[in-house]
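Protein chains in written order, with the numbering used here: chain A, 15 to 107; chain B, -19 to 92.
Among the hints, erroneous ones may be present.
As the list claims (entries may be wrong) - Here are the simulated EDC-like cross-link-like pairs (lysine to aspartate or glutamate), alpha carbons at most 20 Å apart as the crow flies:
hint: 1; chain 1: B; residue 1: K44; chain 2: A; residue 2: D80
hint: 2; chain 1: B; residue 1: K44; chain 2: A; residue 2: D84
hint: 3; chain 1: B; residue 1: K44; chain 2: B; residue 2: E(-6)
hint: 4; chain 1: B; residue 1: K44; chain 2: A; residue 2: E85
hint: 5; chain 1: B; residue 1: K44; chain 2: A; residue 2: E88
hint: 6; chain 1: A; residue 1: K87; chain 2: B; residue 2: D36
Source of the hints: derived by calculation from the structure; they are not laboratory data.
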Amino acid sequence: MDYRTRIETKLTAGLEPVRLAVKDVSHRHAGHAGHDPRGESHFDVTVVSARFEGVGRVARQRLVYDLLADELKERVHALQLRTLTPAEDAASG
Amino acid sequence: MDQTVTERIKRDIEDNDVVLYMKGTPVFPQCGFSAAVVQVLSHMGVKFKGIDILVDPALRQGIKDFSNWPTIPQLYVKGEFVGGCDIVRDMYEQGELQSLLKEKGVAFNEAA
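For reference, chain B alone in the conformation it holds in the complex (with noise of 0.2 Å):
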């Protein structure tokens, strides 16, 4: 694996508390399943970055070798690997995404 992709991805969940692989932007999600993780996270007042595997081909298959994970999107937060759209939308709505960001330390509208 690309070693040079490899520190990319892991400055940028570093550097980043909330990380959201997709496909196109948070403006423009090119994928149904982007675009469901980009609304979650909007909903709940979470400040991400948002990074499109699209404009990149090594990143689009780095990621995935990254986190031994096959599919996009990808959420991490602070570092860790959280899940993609199911996991991401179910736990939401068991309020386990909620839980999550309030034991790393995460800002997000509680009242969302």
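Here chain A stands alone, though its shape is the one from the complex (with noise of 0.2 Å):
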């Protein structure tokens, strides 16, 4: 399974999102210290969820950092997170 479809895979199944769009960013990143020759290192992640209410920015991103404990371990150098609570994402067009 690609790092992508295991991002959207735990996600989907810890934050029940409304909206999700994960996409490799990798290659922005060629040259740079984290960057992995094998590609998948860098996510672009967006995840709205009603889980978010009520709930501060780095407790949210800890949320997803926590789900992702592995990937992040292994290949997964950086996300670049939009968390954002469904009404927020609405005010956001």
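Take the two lone chains and join them into the complex the hints point to.
Encoded structure:
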């Protein structure tokens, strides 16, 4: 299973998102310190979930990082994260 | 976890109002995410101490264990973990970083 699928599967199971977008952006980081020549090192992730309601920014990202602990240990070097509640997502257009 | 590394982190974030654990230095950042946070802080005129984790493997892992946060950069204000690049940028855009600094009594250029 590729890392994108693993990330999608774990976040779907853990956060029951109403919207989830996972994009491999490893090419943008070519040549930089954490770049892995095999790719799949950097992902752009947007999660919209009701589970974020009443939860602060740091705690929201921790929820995501905890679910993806294995992936972060293995290959994934960094995530660009947007963690929104359904209301915030609607407001951001 | 290495006790001396923990002690060093605690000392650094207590002795300096604003500390950024980053890849590279504020003048020569080695990663786009670190560079983005440096840019926000510089633009706001915040005085901060940049600590390069690339030159110290023990610190590189130690800071992640200390904050229970798996990525670099990491920003600390008055000893408290604020967040990484996405959070800092988002807070700045929403005016929340400015409120936090004001609340903590950290000087910055409010006109920025």
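Results of checking the hints against the structure:
Between K44 (chain B) and D80 (chain A) the alpha-carbon distance is near 13 Å, which keeps this suggested pair within the 20 Å criterion. In summary, the hint linking K44 (chain B) to D84 (chain A) is supported, as the alpha carbons are separated by about 15 Å, within the 20 Å threshold. Distance restraint check for K44 (chain B) and E(-6) (chain B): the Cα-Cα separation of roughly 18 Å lies within the 20 Å cut-off, and the hinted pair is therefore satisfied. A hinted pair counts as satisfied when its Cα atoms are at most 20 Å apart, and K44 (chain B) with E85 (chain A) qualifies at roughly 15 Å.
Between K44 (chain B) and E88 (chain A), the direct Cα distance comes to roughly 15 Å. Compliance with the 20 Å bound is thereby established for this hinted pair. Restraint check for K87 (chain A) and D36 (chain B): satisfied, since their Cα atoms lie roughly 19 Å apart, inside the 20 Å limit.
Consistency with the previously given hints is maintained throughout, with no hint failing.
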